[in-house]
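Chains as they are written, first to last, in the working numbering: chain Y, 1 to 76; chain Z, 77 to 487.
Think of the hints as simulated: they come from the structure by calculation, not from any bench.
Note that beta-carbon positions come from the ideal geometry of N, C-alpha and C, so glycine has one too.
Among the hints, erroneous ones may be present.
Said to hold, decoys possible - Derived, one-sided and incomplete: chain Z residues facing chain Y with beta-carbon distance under 8 Å: (1) Trp118; (2) Thr122; (3) Arg188; (4) Thr191; (5) Ala325; (6) Arg424; (7) Arg425; (8) Thr433; (9) Gln435; (10) Phe457; (11) Leu460; (12) Thr462.
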Amino acid sequence: VNEENEEFIVTADRIRCCGSGNCASVLSEVFTQDAAGLVVIRAALQPARHRTAVAEAALLCPAGAITIRGSTREAH
Amino acid sequence: VTAQATSAAVPDYPMPRPDPLDIAPGLTGVAARGAVGRVRLWDGSTAWLVTGWQQAREVLADDRFSADLRRPGYPHVRPGFRGTRAAGAVGTGAGGATLIRMDPPEHDRLRRMLTGFFTVHRINEMRPMIEERTDACLDQLRAQQPPADLIQALAVPLPSLVLCELLGIPVADRPRFEELSAELVASQATQRQLIGTLRGLVSYLDELIAAKERAPGDDLLGTLITEQLRPGRLSRADLLGTARILLTAGHETSASMLGLSLASLLADRAAWAALREAPEAISDAVEELLRFHTIAQTGLCRVATADVRVGEQLIRSGEGVIVSLESANRDPAAFPDPGALHLDRGSRRHLSFGFGTHQCLGQALARLELQVVLARVIGQFPSLRTADGPEPVVFGHDRMVYGVTKLEVTW
Chain Y
1 VNEENEEFIV TADRIRCCGS GNCASVLSEV FTQDAAGLVV IRAALQPARH RTAVAEAALL
61 CPAGAITIRG STREAH
Chain Z
77 VTAQATSAAV PDYPMPRPDP LDIAPGLTGV AARGAVGRVR LWDGSTAWLV TGWQQAREVL
137 ADDRFSADLR RPGYPHVRPG FRGTRAAGAV GTGAGGATLI RMDPPEHDRL RRMLTGFFTV
197 HRINEMRPMI EERTDACLDQ LRAQQPPADL IQALAVPLPS LVLCELLGIP VADRPRFEEL
257 SAELVASQAT QRQLIGTLRG LVSYLDELIA AKERAPGDDL LGTLITEQLR PGRLSRADLL
317 GTARILLTAG HETSASMLGL SLASLLADRA AWAALREAPE AISDAVEELL RFHTIAQTGL
377 CRVATADVRV GEQLIRSGEG VIVSLESANR DPAAFPDPGA LHLDRGSRRH LSFGFGTHQC
437 LGQALARLEL QVVLARVIGQ FPSLRTADGP EPVVFGHDRM VYGVTKLEVT W
């Protein structure tokens with residue numbers, strides 16, 4: 001199974017989130033901020049084409065609040 | 077090993093910067109010996125200097141490193157450290173706690189009262205206002221006879237005008253606010269003048285908060301009064317401290333970055349022309365300029381509150397740590413060809429806004445100001461160039477925030 005072609009799950013820890021907005025700047029299709037500035041994930045299940053940008057958002061997150069779970073198969 | 081035997085090998089910090097548009101070459105020397113090295117400070121004490129990108133991220137994201145400068149072992153980088161000492165002289169009673177020197181959980185509680193004002197969405201809504209203020213500065217510049225100082229005409233006033241809008245400073249007060257705010261940024265000020273200016277500013281902010289307590293608007297300070305001060309979640313001293321830190325963190329930093337970006341683009345006509353041809357490249361260019369001109373030139377200071385291994389180095393509880401953002405931003409493991417300015421690098425991985433829970437609250441605003449100003453200046457003054465003369469560009473070497481204090485241009 002090629003991971004590159006699979007959907008994946010993205011989660012965000014709103015307790016850790018410090019509202020930097022990096023994720024929302026990098027990929028507004030997946031990440032947004034609520035009125036208090038905290039991260040909101042638009043949909044946990046994401047298509048493979050977002051994997052690189054979501055991984056970049058996770059790397060840039062200063063609070064380490066974003067986690068990617070490899071594939072749907074792995075998650076279930 | 078005796079203290080004397082090691083002292084010869086330990087370089088002094090901060091280090092001199094012979095090329096004003098580059099970082100101190102000595103930093104590269106420390107970095108070459110590993111991601112963490114020892115440096116000696118002005119008072120003879122030593123601290124760990126973290127120079128690697130990965131290690132810098134680790135330290136800044138680790139709560140076991142405290143940002144509280146009152147803790148023993150905290151590295152004080154300069155004797156008359158601008159801002160720090162002046163703020164200390166004014167006293168915390170007059171200003172309240174400031175976010176950047178607090179640790180979790182107090183830090184996080186206060187920060188979360190503010191994050192809503194700095195979301196990407198809310199900052200983007202400020203674009204037309206920032207464009208309008210930038211154009212007003214440029215109209216005034218155009219009305220002058222060249223040469224003119226771009227720092228006084230644009231880089232210093234613009235962020236101050238934006239802060240007036242954000243904080244909700246009444247139009248009638250703006251000349252006073254701008255004057256105080258510009259004095260605080262002025263490079264020639266002595267420590268004594270600086271303390272006087274800071275006292276003036278704190279007393280102005282105190283009056284402003286008092287006026288807003290009577291009639292809070294929907295601006296940042298008004299909202300904090302309604303939603304946090306009145307229900308007792310925020311003390312008045314902490315509100316004042318917050319107003320002060322937003323001002324100091326939002327003015328000199330943006331002014332410095334604007335000045336350095338303009339100076340470096342004026343020194344590189346090919347880059348200037350490229351951005352003129354393709355304004356959509358401005359956003360990537362801003363990220364690279366932020367990386368290349370890391371304005372927090374003395375780094376971010378922390379003190380370890382536990383024994384922590386960073387890279388191969390064990391840092392003991394109570395030891396001071398300085399995270400060199402400049403070196404981290406030149407780490408070849410993170411940025412290929414790090415010593416060159418590649419405006420199309422397209423990386424946001426620089427640590428110019430710091431990392432961890434203290435990462436710059438106003439980063440979306442700083443980015444937007446830079447994007448708007450560079451696009452407007454290049455678009456409206458395509459033939460802008462550095463003026464002739466003995467010293468058209470002056471750099472602020474001894475400042476906490478590195479920057480350009482004079483940039484004389486002609487067009």
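These are the hints, each one checked on the structure:
| no. | hint | in the structure |
| --- | --- | --- |
| 1 | Trp118 | 30 Å, violated |
| 2 | Thr122 | 28 Å, violated |
| 3 | Arg188 | 7 Å, holds |
| 4 | Thr191 | 3 Å, holds |
| 5 | Ala325 | 14 Å, violated |
| 6 | Arg424 | 6 Å, holds |
| 7 | Arg425 | 7 Å, holds |
| 8 | Thr433 | 5 Å, holds |
| 9 | Gln435 | 4 Å, holds |
| 10 | Phe457 | 28 Å, violated |
| 11 | Leu460 | 29 Å, violated |
| 12 | Thr462 | 32 Å, violated |
Violation of the numbered hints given earlier is confined to hints 1, 2, 5, 10, 11, 12; the remaining hints are satisfied by the structure.
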